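Protein chains: 2
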Amino acid sequence: MAEKPIERKLPSRQEDFAEWYNQLVLRAELADYAPVRGCMIVRPYGWTLWENIQQALDRRFKATGHVNAAFPMLIPRSFIEKESKHVAGFAPELAVVTVGGGEELEEPLVLRPTSETIIGHAYARWVQSYRDLPILINLWNNVVRWELRTKLFLRTLEFYWQEGHTAHATAQEAAEETRRMLDVYTDFAVNEAAIPVIPGRKSDSERFAGADQTFSIEAMMGDGKALQSATSHNLGQNFARAFEIRYLDRQGQLQYCWTTSWGLSTRFIGAIIMVHGDDQGLVLPPRLAPLQTVIVPIFKTEAERELTIEAAAKVRDALAAAGIRVRLDDRDGVSPGFKFNDWEMRGVPLRVEIGPRDVAARSVVLARRDRPGREGKSPASMDAIVESVSQTLATIQQSLYDRALAFRRQNTREVGSYDELKSAVETGFALAWWCGDAECEARIKEETRATTRCIPLDQPGGSGSCVVCGRPAKEQAVIARAY
Amino acid sequence: MAEKPIERKLPSRQEDFAEWYNQLVLRAELADYAPVRGCMIVRPYGWTLWENIQQALDRRFKATGHVNAAFPMLIPRSFIEKESKHVAGFAPELAVVTVGGGEELEEPLVLRPTSETIIGHAYARWVQSYRDLPILINLWNNVVRWELRTKLFLRTLEFYWQEGHTAHATAQEAAEETRRMLDVYTDFAVNEAAIPVIPGRKSDSERFAGADQTFSIEAMMGDGKALQSATSHNLGQNFARAFEIRYLDRQGQLQYCWTTSWGLSTRFIGAIIMVHGDDQGLVLPPRLAPLQTVIVPIFKTEAERELTIEAAAKVRDALAAAGIRVRLDDRDGVSPGFKFNDWEMRGVPLRVEIGPRDVAARSVVLARRDRPGREGKSPASMDAIVESVSQTLATIQQSLYDRALAFRRQNTREVGSYDELKSAVETGFALAWWCGDAECEARIKEETRATTRCIPLDQPGGSGSCVVCGRPAKEQAVIARAY
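Just so you know, the protein sequences line up as chains A and B, in that order.
Remember, my numbering sits 43 above the position in the first sequence when you count from 1.
Remember, my numbering sits 43 above the position in the second sequence when you count from 1.
Since no wrong hints were added, every one of them can be taken at face value.
One copy or two, either will do: identical chains are not told apart, so a pair holds if it fits within one copy or between any two.
Keeping only pairs whose Cα atoms sit at most 30 Å apart, straight-line, the calculated BS3-like set for lysine-lysine is:
(1) 105 - 382
(2) 357 - 105
(3) 357 - 343
(4) 52 - 420
(5) 343 - 382
(6) 194 - 382
(7) 194 - 488
Hint data in this document are derived by calculation from the structure and do not stem from the laboratory.
If you're wondering where the values come from, they're calculated on a predicted model, not measured in any experiment.
Let the hints inform the model, and build the full structure from the sequences given.
Set out below in C-alpha cells:
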C-alpha cells in the first residue's frame, strides 16, 4: 500500500481500475493512510457506512439468537500453537508484543489474528453440561494480520470485523449454524448492499486454517475479479479437542462440543465500492448510505438564495421526520456544479435540486446517482416529497442490484474446455466442471492466476468432465482471479 | 487481579466490599478473567450493558455535532515522545510490538494508550484553513495500559472506551467544547445511570498528561470512596504545536489549532455496580439494564404450569411490543426461588410474578429489585400491565438516583480542620477549603491516602482558610480516597 497523493482527476475504471479505486477511497473521504505501513484511518464518512453495515448485520445476528461480547486482543503465543493447522495458517502473519510496562514479557503475546483460540479457552471453562449449550456469541472488534501487500479496506494490517463463535452439542447443529450464517450473509449482501453473491463451499485448499468446512459468499467486482465477501466455518471438533471444550450429555457421558465461526469485515466496503462505483466516484446503495439524499439549492441573487434555502429547509425537515438520512448543502462560496460533483464522488444515492422556478411551481428535481445526466432526472411535487424520495430510493436500491447481477451474468461463462477457462478468467468468472482434485486446481492457479472461488450450493445437477483433466466431475466450481 | 474462584455465597458489602465486588462481577456473569494477566473477557450480559451505555452516549455525541471514526491501534513509538508531558505520563504503561510477520520491526510500535498523538498527526494533514474547523470526531475502541494492580472493569490492561478528539480555531471554542462534553457526561450519569456526580476541575497534579485543564465527574461508591467516572481535557495548543496542526485564518495568517479530548470507559460499569449494588447482587438502573423486566411463572401442577406460562407469555408479548426489554423465565427444573435469586444477582430492575390465582384474577405481582422483600411488592392488573411496568421502572430509576444522592450527602462532610479531614476521608468525601498549593495536597495524600478529586464547578462563594496550612483559600475541593 504505497501512499498515493490525491490526484486532480479520478482515472476512469477502464483506464486503471486499481488507481481508480485508491483515488476514490481518498477523495470520497472514506479512509486515509496511517503513519504505520499497511494500517488505515477510517474517516467519519467511511465509518458511518461501516456503522450502517454493523446495524444491518447485528439486527440479523440478534434475530437468530446471538449475543455480543468482548474478548481480549492479547493472546498467549502458546494458544495459537494448540491447533496444528491453525498455527500453520496464522503464524507467518502474527504481530507480537514482547515488552509491557518497560519490561520484557516472560511469554510473548500475539495480537489476535482471529479469536478461535481464546474463545476455545473460555468456552472450555463455561461449558459443563448440555444445558449450557448452544453458546451463540458474536464479537465486533479489530484484528491484526501482518500482510505484506496492502490496500485500503481490502487488505490492511489492522482491520475491523465481526467474528461469530458458537458451540453446539451435535455435529448437525453446528452444520446448521454454519449454513444459517451463510444465509444471513447472503441476505445482507443482496438486500442491504444490493450485491448479488454466490454462496458456496470452499475447496480444501481454500479452507480456513482449522476448519472442517468453509463456506463463503463470492461477489464479482467491476473489473470481473472475485471478492470473498464473508465466510462461515464449520470447525467440527478441532478446536474443541485442542482446548478441551467438553460437556456432559443427557446420559452423563463427557462429549466434545462442535464449534463454528463466521465473519464479515471492513473488506466488504471494498466490495461496495468496486461493485457499484463508476467513473464519477462512489455509488452507495440507499439502505447503507450514510446520507441517502442531499438537497442542493440553486440561486443567483440574494433574494433567490433566501427563497430556495427556505424551501429546501422545509423539504429537509419533511424527509428527516420520515427517517430519511438527508442533508441540505447550503454552503456559501461554492457553485451548484461543484456541489453536484462533490456529492457524486461521495455516492449519495439521490440529489434534490431546488431553484426559484421550482419553488414557484412547488416542485423539485430528483437526480439519481445511479443514472448520471438527464436520464436520471425527474420532477417531483414538494407536497408529496416524502413518497417520491422514498420510492426513488427503493427503485435505486433495486436497480443497483439488477445492474450488478446483469454485469455478473454477462461476465460469467460456463466453460467446456481448458482454453475457454483461460479466456473466461481474463474478464470474469468461469463456471467449470471440476473433479475435485487439488492438482487440477493447482495447475489452474499456476497457469492462469485464477483460483477456485467456491463450489456453488446451487448446482446444475448431473455430471460432466473436469475442465482440466477430463475425468468425471460431479460439481461445478466458480473459478476466477480474486482480490 | 488475582484470579478468584466463584464462592458459594456473596460476601456482604459491610464484611468485605472488595471481595463482594469481585464475586458479584463473576456471579452476575458481567465479566471473567482472561488467560493474560490483567485482561478481561466481557461476557454477553456485561457487554449488553456496555452497548446500552454506548447508545445513550452516542446519541448525545451526535446531537452535539460529533461523528465517529476509527484510528489505528498501532502507533510509532516516536509519536508518543513528541509531547513532553504526554510521554512522561504514558511511557511507563506502554505495551510494545517489536515483531511483525516473523521479523524484528525497524521502529517498535506501541499499542495506543490513548490516541492524541495519532490524531494530531492526521489532523495536521486534514486541516488547511478555518473552513476545515471545527473537527468533531469520536472513537469507540480499545486501548492498552500496562497496569500493575488490576481489577475487573476498574483497572485492566486492555479496556474499552470512547475518546473524543476535537480541533478548533479559537481558545474559547475549545474551552466551550471541554465544558460541553463535561455537561454531556453529567447528564448521562444522572439521567441514564442514576448516579449523582460532582463535575469539577482537576488539580494540577491530577491533570491529564499534556492537558492545560482537565475536568472530571466524580461519584461516590457504596464504600464511600470516589471513582472518576469520565474526563474532559482542554489540551490548549500543546498537541497542535507538537504535531503542527495549523490553519489559515480569515486574514490568511497561519495559526495553531486548539484541541480537546474527552473519554468515558468500561470503568463506568464498575461505578454502576458499586453505587447501586446490594448484598443480593447487582442493581441496574432501568434505562441501561440489558433486561428491564423478568417474568417468573409460579406453578405446582402441570395444569398450573400451562396456565401460568400462557398468561406470562401474553404479558411478555405486551411488554415487548411496548419496547420494554423483557424475558419470560420458563426454565424447567429450577424453582421460582432459584429464579428470583438468579435475577436478583443480575440486577434486573423489576420482576413480574404470575401464579394460578393471579391468572384467575387477571392480576400479577410486581417485585422491585431496589426494595427487596414485601415492601417492594405490589399487585398490578394484567389489563394495564404496560402502564404499570413503565411507571414502576420510571419510579425505580428515580429512586435509585435519590438513594445514591442521599448516601453521598450523608457521607460528605464540610471540614474545618485537618483532623476533621482525616476523619471524614475514612468513610466518605471531605469538602475542604484549599489554598491551591501542591505541597498541601501532597501532605494530605501522604498522610491520609486521600487525593484531591476535583474542585467542584459549583462553589459556595466567598473564601476560607486552607484546611492544611491555614492560608487564605478561594475554592473548596472534594478530597477522598479513590479507585
